[in-house]
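Asks: Just so you know, the sequences run in chain order R and P. Take the first sequence: its position 43, counting from 1, is numbered 43 in the working numbering, and each next residue is one higher. Take the second sequence: its position 203, counting from 1, is numbered 307 in the working numbering, and each next residue is one higher.
Honestly, the hints are just simulated from the structure, not real lab data. Remember, predicted model here, so these are calculated numbers, not experimental data. Warning: the hint list may mix true and false statements.
[Said to hold, decoys possible] What the simulated footprint calls covered on chain P by chain R, stretch by stretch (three residues with Cβ under 8 Å from a Cβ of chain R suffice, anywhere in the stretch; the number is not a length):
{"hint": "1", "segment": "188 to 199"}
{"hint": "2", "segment": "243 to 255"}
{"hint": "3", "segment": "261 to 268"}
{"hint": "4", "segment": "369 to 377"}
{"hint": "5", "segment": "381 to 387"}
[Stated by the list, open to error] With a straight-line cut-off of 27 Å between C-alpha atoms, the simulated BS3-like cross-links for lysine-lysine are:
{"hint": "6", "chain 1": "P", "residue 1": "Lys-300", "chain 2": "R", "residue 2": "Lys-77"}
{"hint": "7", "chain 1": "R", "residue 1": "Lys-84", "chain 2": "P", "residue 2": "Lys-178"}
{"hint": "8", "chain 1": "R", "residue 1": "Lys-77", "chain 2": "P", "residue 2": "Lys-178"}
{"hint": "9", "chain 1": "P", "residue 1": "Lys-270", "chain 2": "R", "residue 2": "Lys-77"}
{"hint": "10", "chain 1": "P", "residue 1": "Lys-357", "chain 2": "R", "residue 2": "Lys-84"}
{"hint": "11", "chain 1": "R", "residue 1": "Lys-77", "chain 2": "P", "residue 2": "Lys-277"}
{"hint": "12", "chain 1": "P", "residue 1": "Lys-270", "chain 2": "R", "residue 2": "Lys-84"}
Virtual Cβ for every residue (Gly too), placed ideally from N, Cα, C.
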Amino acid sequence: MATTTAAAPGAIARVAHEIKRPYVQVFGFLGLVTLIEVQIPSLGQTFHISETLQVVLLMSTAAAKAALVALYYMHLKYEPRILKLLPVAPLAFVILLLVVLSTA
Amino acid sequence: MEEHASHAASAGDAGHAEHHGSIWPFVLAVAGGLGFSGLATHEIPLILAGIAILVVGVGGWLWQDSRGVSFTVKGNYEERPFAGISRRKLGMWIFLVSEIFFFTGLIGAGLTLRLRVPSCPSVGQACWPEPASPDFPLNIPLTAINTFVLITSSLTMVEALHAAQKGNRAQMKAFLFATFLLGATFVSIQVYEYNKLFFGENLTPWVNSVRPELGTFGTAFYAQTGFHGAHVTGGILALLFLNVKAWRGKYGKDDHEAIELVGLYWHFVDVVWIFLFPIMYLIGR
Chain R
1 MATTTAAAPG
11 AIARVAHEIK
21 RPYVQVFGFL
31 GLVTLIEVQI
41 PSLGQTFHIS
51 ETLQVVLLMS
61 TAAAKAALVA
71 LYYMHLKYEP
81 RILKLLPVAP
91 LAFVILLLVV
101 LSTA
Chain P
105 MEEHASHAAS
115 AGDAGHAEHH
125 GSIWPFVLAV
135 AGGLGFSGLA
145 THEIPLILAG
155 IAILVVGVGG
165 WLWQDSRGVS
175 FTVKGNYEER
185 PFAGISRRKL
195 GMWIFLVSEI
205 FFFTGLIGAG
215 LTLRLRVPSC
225 PSVGQACWPE
235 PASPDFPLNI
245 PLTAINTFVL
255 ITSSLTMVEA
265 LHAAQKGNRA
275 QMKAFLFATF
285 LLGATFVSIQ
295 VYEYNKLFFG
305 ENLTPWVNSV
315 RPELGTFGTA
325 FYAQTGFHGA
335 HVTGGILALL
345 FLNVKAWRGK
355 YGKDDHEAIE
365 LVGLYWHFVD
375 VVWIFLFPIM
385 YLIGR
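Build out the structure end to end from the sequences listed, making use of the hints.
Replies: Right, here's the structure in full:
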C-alpha cells in the first residue's frame, strides 16, 4: 500500500489515539447541559424569559454539545486541517438556507 | 469469488480505481431512487418496490461480505489536499456532508411551516403548540430520557473504538454490544412515543378530524423525527453487522477502521438529535 507521501497527518492521528481522551468528561457535560435544556421552557414561563432568548440559549447549548461530539467523539480535534474544514464548509449553506426560509 | 477478492485487493494496492465489480451499491441506489420517487408521488407500489430492492441490495451485500469478498479500496490518499488521509474515512466524511445538506433542508422545511402558523390555541386554524403549555402533545421527560440513551450510546461507541485501538477485544465487544442495545432502546422508545401520540394525542402527520389544528405541527414532527429514526435504524443494522463480525473474531488493534467509520455515522446521528430535540420539543412558535 503506497502511503509514503505526506504520512505525517496520519501519524499524528495515530499518536493521538494512544492518549486517553476525555470521553467520560464530554459525556458528563452533554448530560448536564441536556438536563438544563429540558428546564428552559418552564423556567422561561416562570421568570418571563423572552422566547427569542430561550431560542438563543437552546441553540447555543445545542451547538456547544454538537461541537464537543464532533471534536472528541468524531476525533476532528486530532484530524488534519483539511478534514476539519470538510464538515464546516456546508455551514455557510446551512445558515443561508435557514435565513432564506425564515424570511421568505 | 476468490478471483474477485484478489482483483479488488490488487486494485486497492495500485491506489487507483479500476472497476470494483460490486453491483450492490448500484442496486441500493436504484432502491433509493424508486422508494423516494414513490414517497414524492404517493405511489405505494413504487415505495414497496424500493423497500423490496433495498432488502435484496443489503442482503446481497451482506451475503457477499460473509463469503469474504471485499471490493474495499483501503489505504491513504497520496495526492493533495487529502494526502495521508484514509480513503474510507474521507468517503464517510463526504457522505456525512451530504447528510448535513439533507437534514438542513428537512429542518429548514420545518422552520418554514412553523413560521407560517400562529401559536396554539388558535380557533379554527392550524397552530404550533407551546412546550410549556398543558396541551403540548409531546412527552418531554420521556424524550429527555431517550436523549440520554442516545448520548450514552455515543460514549459506548467511542469507547468500543478506543478498546479496539488498545487491542482489548473483550472490552471492544462489550461496548459494541452496549451501543447496539442502546440504539435499539432509543428506537423502541420512539416507536412507543409515536404510538401514544398517534392514538392517544391524535397527533397525525396529516390533518385529522379530532385535532385538525395540529396537522402542520404533526407533518413537521413526524417528517423530522421519522427521518432521524430511520437513520438510527440504519445505524443499528450497521452495529449488528459489527457485532456479528466482532464475535466471529474480527477487529482489533490493527484492524479497527470499520468501527471508526460506523462510529462517525453514529455520532453524526447523535449530533442531528442534539439539534432536533430542542427544535421539536423545547422551542415553541
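Asks: Compare the distance between the alpha carbons of Lys-270 (chain P) and Lys-84 (chain R) with 27 Å, and conclude whether the hinted pair is satisfied.
Replies: Roughly 25 Å between the alpha carbons, so the hint for Lys-270 (chain P) and Lys-84 (chain R) holds.
Asks: Hint check: Lys-77 (chain R) vs Lys-178 (chain P), CA-CA at most 27 Å. Holds or violated?
Replies: holds (23 Å)
Asks: Hint check: Lys-300 (chain P) vs Lys-77 (chain R), CA-CA at most 27 Å. Holds or violated?
Replies: violated (41 Å)
Asks: At a Cβ distance under 8 Å, does chain R reach at least three residues of the segment 369 to 377 of chain P?
Replies: holds (count 4)
Asks: Does Lys-277 (chain P) sit within 27 Å of Lys-77 (chain R), going by the straight-line distance between their CA atoms?
Replies: holds (26 Å)
Asks: For the pair supplied as a hint, Lys-84 (chain R) and Lys-178 (chain P), is the alpha-carbon distance within the 27 Å limit?
Replies: holds (21 Å)
Asks: In terms of beta carbon proximity below 8 Å, does the segment 261 to 268 of chain P have 3 or more residues touching chain R?
Replies: holds (count 4)
Asks: With a cut-off of 8 Å between beta carbons, are at least three residues of the segment 188 to 199 of chain P near chain R?
Replies: holds (count 7)
Asks: Do the alpha carbons of Lys-270 (chain P) and Lys-77 (chain R) lie within 27 Å of each other, as the hint requires?
Replies: Holds. Lys-270 (chain P) to Lys-77 (chain R) sits at ~20 Å (cutoff 27 Å).
Asks: Is it true that the CA of Lys-357 (chain P) sits at most 27 Å from the CA of Lys-84 (chain R)?
Replies: holds (25 Å)
Asks: If you count the residues of the segment 381 to 387 of chain P with a beta-carbon closer than 8 Å to a beta-carbon of chain R, do you get 3 or more?
Replies: holds (count 4)
Asks: Confirm or reject the coverage of the segment 243 to 255 of chain P by chain R under the rule of 3 or more residues with a beta carbon closer than 8 Å to the chain's beta carbons.
Replies: holds (count 6)
Violation of the numbered hints given earlier is confined to hint 6; every other hint is satisfied by the structure.
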